[in-house]
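Trainee: Chain by chain, the residues run as shown.
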Amino acid sequence: MEDKRRELKKIIMDTKTLPTLPGVIHRLNEISENERSTMQEMAKIVSSDQVLSARILRLANSPSYGFNRVSTISNAMILLGVNVVKSLALSSTIFEIMEKESVGLWEHSLGVSMAANLIARKLSLPECEEISTAALLHDIGKVIIRMKCEEELIQIRNHQLEEKTFSWEAEREILATDHAEVGGWLAKCWFLPDKLSEPIAFHHDVTQSVNHRVKASVVHVADALIKASGFGDSGDNLVPRIQREAWDILRISDQQLSEIIEEMEDKLIEVKNFSLELQA
Amino acid sequence: MQKIPLQLVAEGMVLGRDVFRKDSVGGIPICGKDTVLTAELVKRLNYMDIKSIYVKGHPVMLDGERSLDQALEELDRRFEKVISDPQMARIRDIYADYLQRVMGDDSGR
Numbered sequence: 017m018e019d020k021r022r023e024l025k026k027i028i029m030d031t032k033t034l035p036t037l038p039g040v041i042h043r044l045n046e047i048s049e050n051e052r053s054t055m056q057e058m059a060k061i062v063s064s065d066q067v068l069s070a071r072i073l074r075l076a077n078s079p080s081y082g083f084n085r086v087s088t089i090s091n092a093m094i095l096l097g098v099n100v101v102k103s104l105a106l107s108s109t110i111f112e113i114m115e116k117e118s119v120g121l122w123e124h125s126l127g128v129s130m131a132a133n134l135i136a137r138k139l140s141l142p143e144c145e146e147i148s149t150a151a152l153l154h155d156i157g158k159v160i161i162r163m164k165c166e167e168e169l170i171q172i173r174n175h176q177l178e179e180k181t182f183s184w185e186a187e188r189e190i191l192a193t194d195h196a197e198v199g200g201w202l203a204k205c206w207f208l209p210d211k212l213s214e215p216i217a218f219h220h221d222v223t224q225s226v227n228h229r230v231k232a233s234v235v236h237v238a239d240a241l242i243k244a245s246g247f248g249d250s251g252d253n254l255v256p257r258i259q260r261e262a263w264d265i266l267r268i269s270d271q272q273l274s275e276i277i278e279e280m281e282d283k284l285i286e287v288k289n290f291s292l293e294l295q296a
Numbered sequence: 003m004q005k006i007p008l009q010l011v012a013e014g015m016v017l018g019r020d021v022f023r024k025d026s027v028g029g030i031p032i033c034g035k036d037t038v039l040t041a042e043l044v045k046r047l048n049y050m051d052i053k054s055i056y057v058k059g060h061p062v063m064l065d066g067e068r069s070l071d072q073a074l075e076e077l078d079r080r081f082e083k084v085i086s087d088p089q090m091a092r093i094r095d096i097y098a099d100y101l102q103r104v105m106g107d108d109s110g111r
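Taken in order, these protein sequences are the chains called A and B. Just so we're aligned, residue 17 is where the first sequence starts under our numbering, counting upward by one. Just so we're aligned, residue 3 is where the second sequence starts under our numbering, counting upward by one.
Watch out, some of these pointers could steer you wrong.
Stated by the list, open to error - Across the chosen pairs, the derived CB separations fall in these ranges: (1) Thr40(B) x Arg137(A): 17 to 23 Å; (2) Asn48(B) x Leu139(A): 33 to 39 Å; (3) Arg137(A) x Glu42(B): 17 to 23 Å; (4) Leu8(B) x Arg74(A): 54 to 60 Å; (5) Val226(A) x Asn48(B): 38 to 44 Å; (6) Gly97(A) x Leu8(B): 17 to 23 Å; (7) Arg74(A) x Lys35(B): 30 to 36 Å; (8) Asn227(A) x Pro88(B): 44 to 50 Å; (9) Met63(B) x Asp270(A): 43 to 49 Å; (10) Arg267(A) x Phe22(B): 46 to 52 Å.
As the list claims (entries may be wrong) - Computed cross-link-like contacts, DSSO-like style, restricted to lysine-lysine with a CA-CA straight-line distance of at most 27 Å: (11) Lys204(A) x Lys180(A); (12) Lys45(B) x Lys138(A); (13) Lys83(B) x Lys5(B); (14) Lys25(A) x Lys138(A); (15) Lys138(A) x Lys35(B); (16) Lys288(A) x Lys60(A); (17) Lys58(B) x Lys83(B); (18) Lys164(A) x Lys53(B); (19) Lys204(A) x Lys26(A); (20) Lys45(B) x Lys180(A); (21) Lys83(B) x Lys45(B); (22) Lys138(A) x Lys20(A); (23) Lys35(B) x Lys283(A); (24) Lys204(A) x Lys58(B); (25) Lys35(B) x Lys45(B); (26) Lys164(A) x Lys283(A); (27) Lys5(B) x Lys283(A); (28) Lys26(A) x Lys5(B); (29) Lys20(A) x Lys164(A); (30) Lys164(A) x Lys138(A); (31) Lys58(B) x Lys35(B); (32) Lys180(A) x Lys58(B); (33) Lys83(B) x Lys53(B); (34) Lys20(A) x Lys288(A); (35) Lys25(A) x Lys5(B); (36) Lys5(B) x Lys58(B); (37) Lys283(A) x Lys25(A); (38) Lys26(A) x Lys138(A); (39) Lys283(A) x Lys58(B); (40) Lys204(A) x Lys25(A).
Just so you know, these hints were derived from the structure itself, not from any lab. Think of the CB as a built atom: it goes at the ideal place given N, C-alpha and C, for glycine as much as any other residue.
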């Protein structure tokens, strides 16, 4: 079983077939390492790629981030931070596939991102935007599994239906790994910071998160809440149990929980509109 | 209370929340809660680029929307595996309560 997992990791992480990163990212990396470079310089690089700029602006204006009308790349970079813009740029390639192939998963991701942002703000946590981005990317491993393991995918789905298990349990049974771990591998491969890769890799088991357990817990709770509301289609129709450890670390009061759910349901209408606009 | 796109607003519906200008959320409302909507008013809101508003009750059945009973049934089905966990059962109750409030008889559909 362990061999199978390793073999799969090799196949999955074969850089020749992984979605390639736009050249812009490499230049952005170089520039962001130089302390003397300015936000304007970085914005200029992103702006040179029209498609990428459009996607970043669309995402920055999505209900996930809750800003009002971000109209320039430099504003997006100031509001969201360079790291977030970098990871949005990284994920834009893969989301292009997700948007076309699986609107349900895209909507689920947008919903979880909005919910995570709401929770983070309600609890006055630092780095809300990073949490939104991690939430937006949390199921990116599912996209990779869909791309790379077409044959096994049918077995996974059948196993899930027959045994009434969650997707990650079925994935572990058939692939000896799951979409969270695969997402974590991908995040490492793309050199995303820990604060993004940990919540992605451990959104189904926050106890494994060492450095960013709070962020992982927010994504974990947001994922369960969006599944509870039945919004989008993550591939799981059942609500997973929220781990004791996540409750303990976040300490969400009953009152806060009710408020979060109410506001979330309210915002889901906007998320749905946003997703429909993107598809149009 | 229901949030609906402005295109679906009909005369006689009652505003459930204040309406603000798009660029100044938190500023002075342009139309107050409890206002009865008229065609003239809707035209003005449209002119101000307001896309959706909150109205009292639940006057519009949106595409794909289900009845309260159906919604509650689906909710229970989604919670099937975790309902024995007290914390998860509480989340289920908050949702059920929410659904009842926005879709139930009291909401005035």
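Trainee: Hint by hint, note whether the structure agrees.
Mentor: Consistency of the hints with the structure:
1. Thr40(B) x Arg137(A): 17 to 23 Å: 37 Å, violated
2. Asn48(B) x Leu139(A): 33 to 39 Å: 38 Å, holds
3. Arg137(A) x Glu42(B): 17 to 23 Å: 38 Å, violated
4. Leu8(B) x Arg74(A): 54 to 60 Å: 22 Å, violated
5. Val226(A) x Asn48(B): 38 to 44 Å: 53 Å, violated
6. Gly97(A) x Leu8(B): 17 to 23 Å: 34 Å, violated
7. Arg74(A) x Lys35(B): 30 to 36 Å: 32 Å, holds
8. Asn227(A) x Pro88(B): 44 to 50 Å: Violated, since Asn227(A) and Pro88(B) (Cβ atoms, about 30 Å apart) do not stay within the stated range.
9. Met63(B) x Asp270(A): 43 to 49 Å: With a Cβ separation near 32 Å, Met63(B) and Asp270(A) fall outside 43 to 49 Å, so the hint is violated.
10. Arg267(A) x Phe22(B): 46 to 52 Å: Since the Cβ atoms of Arg267(A) and Phe22(B) sit about 33 Å apart, the hinted range of 46 to 52 Å is violated.
11. Lys204(A) x Lys180(A): Not OK: Lys204(A) and Lys180(A) at ~31 Å, beyond 27 Å, violated.
12. Lys45(B) x Lys138(A): Between Lys45(B) and Lys138(A) the Cα gap is close to 36 Å, so the pair fails against 27 Å, i.e. violated.
13. Lys83(B) x Lys5(B): 32 Å, violated
14. Lys25(A) x Lys138(A): 38 Å, violated
15. Lys138(A) x Lys35(B): 26 Å, holds
16. Lys288(A) x Lys60(A): 31 Å, violated
17. Lys58(B) x Lys83(B): Distance of about 35 Å is beyond 27 Å: violated.
18. Lys164(A) x Lys53(B): Outside the cut-off at roughly 41 Å; violated.
19. Lys204(A) x Lys26(A): 14 Å, holds
20. Lys45(B) x Lys180(A): 51 Å, violated
21. Lys83(B) x Lys45(B): The hint is violated at about 49 Å.
22. Lys138(A) x Lys20(A): Given that 27 Å is the threshold and the Cα spacing comes to 43 Å, the pair is violated.
23. Lys35(B) x Lys283(A): At roughly 20 Å apart (the allowed maximum being 27 Å), Lys283(A) and Lys35(B) satisfy the hint.
24. Lys204(A) x Lys58(B): 49 Å, violated
25. Lys35(B) x Lys45(B): Roughly 18 Å separates the two Cα atoms, so the pair holds.
26. Lys164(A) x Lys283(A): 34 Å, violated
27. Lys5(B) x Lys283(A): 10 Å, holds
28. Lys26(A) x Lys5(B): 49 Å, violated
29. Lys20(A) x Lys164(A): Between Lys20(A) and Lys164(A) the Cα gap is close to 14 Å, so the pair holds against 27 Å.
30. Lys164(A) x Lys138(A): Roughly 38 Å separates the two Cα atoms, so the pair is violated.
31. Lys58(B) x Lys35(B): 9 Å, holds
32. Lys180(A) x Lys58(B): 40 Å, violated
33. Lys83(B) x Lys53(B): 39 Å, violated
34. Lys20(A) x Lys288(A): Violated. Lys20(A) to Lys288(A) sits at ~39 Å, over the 27 Å cutoff.
35. Lys25(A) x Lys5(B): The hint is violated at about 46 Å.
36. Lys5(B) x Lys58(B): The given pair, whose Cα atoms are some 9 Å apart, holds under the 27 Å limit.
37. Lys283(A) x Lys25(A): 37 Å, violated
38. Lys26(A) x Lys138(A): 41 Å, violated
39. Lys283(A) x Lys58(B): Distance of about 18 Å is within 27 Å: holds.
40. Lys204(A) x Lys25(A): 12 Å, holds
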